[in-house]
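Please build the complex by placing chain S on the supplied structure of chain R, with the hints as guidance.
So the sequence lines, in the order shown, correspond to chains R and S. The first sequence finishes on residue 383 if you use the working numbering, and the numbering steps up by one all the way, no holes. The second sequence finishes on residue 1383 if you use the working numbering, and the numbering steps up by one all the way, no holes.
Check the hints yourself; a few may be wrong.
Here are the computed lysine-lysine pairs in the DSSO-like style, where the Cα-Cα straight-line distance is at most 30 angstroms [said to hold, decoys possible]:
(1) S:K1262 x R:K224
(2) R:K262 x S:K1262
(3) S:K1224 x R:K223
(4) R:K223 x S:K1262
If you want a taste of the chain S side facing chain R, the calculated C-beta under 7 angstroms gives, among others [said to hold, decoys possible]:
(5) E1059
(6) V1079
(7) R1258
Because the hints were derived from the structure by calculation, they are not lab data. C-beta: ideal position from N, C-alpha, C; glycine also.
There are 2 protein chains.
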Amino acid sequence: MRDVYVIGAGMTPFGELWNKSIREIFVDAAMLAIEDAGVDHIDSLYVGSMSPGLFVGQEHLGPVVADFLGVTPVPATRVESACASGGVSFRQAFLEVASGVSEIVLAGGVEKMTDGADVTEALATAADQEYEVYHGVTFPGLYAMIARAHMHQFGTTRQQLAEVAVKNHRNGMKNPNAQFRSEITNEQVVKSTMVADPLRLLDCSPVSDGGAGVILASADVAKKMKSRAVKVIASTQASDTIALHDRTDLTTLGAVVRAAEKAYAMAGKKPSDVNLAEVHDCFTIAEIVISEDLGFFEKGKGGEAVEKGLTARECGKIPINSSGGLKSKGHPVGATGIAQIIELYEQLTGRGGERQVKKANIGLAQNMGGSGASCVIHILEAI
Amino acid sequence: MRDVYVIGAGMTPFGELWNKSIREIFVDAAMLAIEDAGVDHIDSLYVGSMSPGLFVGQEHLGPVVADFLGVTPVPATRVESACASGGVSFRQAFLEVASGVSEIVLAGGVEKMTDGADVTEALATAADQEYEVYHGVTFPGLYAMIARAHMHQFGTTRQQLAEVAVKNHRNGMKNPNAQFRSEITNEQVVKSTMVADPLRLLDCSPVSDGGAGVILASADVAKKMKSRAVKVIASTQASDTIALHDRTDLTTLGAVVRAAEKAYAMAGKKPSDVNLAEVHDCFTIAEIVISEDLGFFEKGKGGEAVEKGLTARECGKIPINSSGGLKSKGHPVGATGIAQIIELYEQLTGRGGERQVKKANIGLAQNMGGSGASCVIHILEAI
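If we strip away everything but chain R, and leave its shape as in the complex, we get (with noise of 0.2 angstroms):
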């Protein structure tokens, strides 16, 4: 297997980009990436995205975005693992470098969510239809049973999972790209329109269109570029049950773990090693439970280390979501697994301005699908 960087990578804000249809957001954001690479063509692209088909009404979105972007013929692939779909199209690209048959690869990511369709039934799609949405369970209920159970079993509070909303706030402040750059009190979130409880609405990750991209490529390629380039240390993906209630344990997410322990024994790293994560905060619960699963805190203390500010981007043990996370920064979910990517390779690359990390020199991105059905690892490590 062939050793892969990242040589380039550029995103558009996230938010409600009401004046732009789903293929001009992706090739918004994939000339970004094209330009910061400094590449004049590429072999292939992937486009992750959840749902252009109920979105969008636009199926077949490799060849849009390829057309669109002036490369046809090159291959141009869509994957889809609902909120992993761009965790999944980085680890396709990384898997077509690996394999020699090309040397150049865009792996982007797109969803177009504001534009009329009803979000909530589509993203239900990513659960379980048949024995879950039917009987009327949509995400945040879904959340909300797996924080019920870790505030049970471990004695996280209401205020703690506030507490992750209130630093990723803080965090994407500092992200001209984020769609939400405002802070907010630990009072604000308990205080918010209930949801599902306990998940009120400033627990939630928002609705968001957006796009974003990055550029993979073989040593020789990288080489050219040595001052911007990082190296993919680990890929992995893990599955597990689609439906909530076929899991022994709410309280721990079977893919995560697995997909950690094949990513730290991939890298060759332990997760002390780790400088900075960037993980699935779709809802304040789960950046709790993943911070725990990656093993960056024991189980069940993943509430007390955030609150203990560990998890902060200035002084933390392991700056989590320096970006803003998917709560801040948004959340359109084919993108950002993406973006995941593109805020390590600027910290580790050293353009993190405002927001960067002290100390970054090995990343990890952990985009999760669903209620954790799919998840897909990436650690990066500076060069």
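Using the frame of chain R, we list chain S on its own:
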């Protein structure tokens, strides 16, 4: 890049499978493939599916099928390229084994189209939603324009189009998994209901449910079961403009030409080396155009070739669609690309039964999305 082999295959009958859900159909096919290969595990799986979101309200199909197949926590990824989703599934599995990341990968495809969704509307999302579909065109109309252009430029006749359907039904009669196992006559085709002039009902592939799966493996694994292994000697993919009106010539499919050039180069073969081909006959005109673009016949001579029997299974120059093709076998879109590989695998291992092609050492599968905006080609060789 490592060598990759197909070591097992299985599919459901194609047709109206009203008593099976999408996950059941996939698992039925996957179990047959796993049993055929004789493997006791898989390292990961891919599932090609065009639009489970629009057809049955289920995205995130990777973990859905992995869960029901009982193989979690293996990585499970859905890929989509409209009607080429199955071909892309096979290609991604190929890249994963070629890269060295996995030894045994299941490449599957599935579609459940008869559950009540508006099939024409769902399929139209494979065309350009903003510039084609919005104005009312659907796929029969797009392919009718291609047919008109080909008839005008090369004198291709209405009867020649019909001969494609007649031949493919004759082949499908001998395929126990085919949706339509009935012979039809040229007269029946040309007198069938008009759909989009000049295309009539019997020029069109049907709406189908179905699933298909194959097992890909590395040389080490394949060696252990040499009698049933077939080598993948080319895997290529290309894109073209999503909208038909952006092409300079409607009588040729650019993505097919480009993917074919690359495939022959990768395999070190010429069109005349190919003993049989499965091609994407979504409409009769498609098979004629593709048979030219793959280099089997001179441009403009594809209609004459089918009329002269040069593509017949029994004694043709190059047997095309010995399986019955999409026309007779059925076209559950996500499964089609995998079913093409299955036909080659069975023919190349001498298990073609009643429809065995006499000399079957090298087979080519050509799978296509939309009106040719994406194309995937694989060449397999008996060992």
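Next item on the list: Quick one: which hint numbers does this structure break? Sort them smallest to largest.
Entry: The structure breaks hints 2 and 3; every other hint is satisfied.
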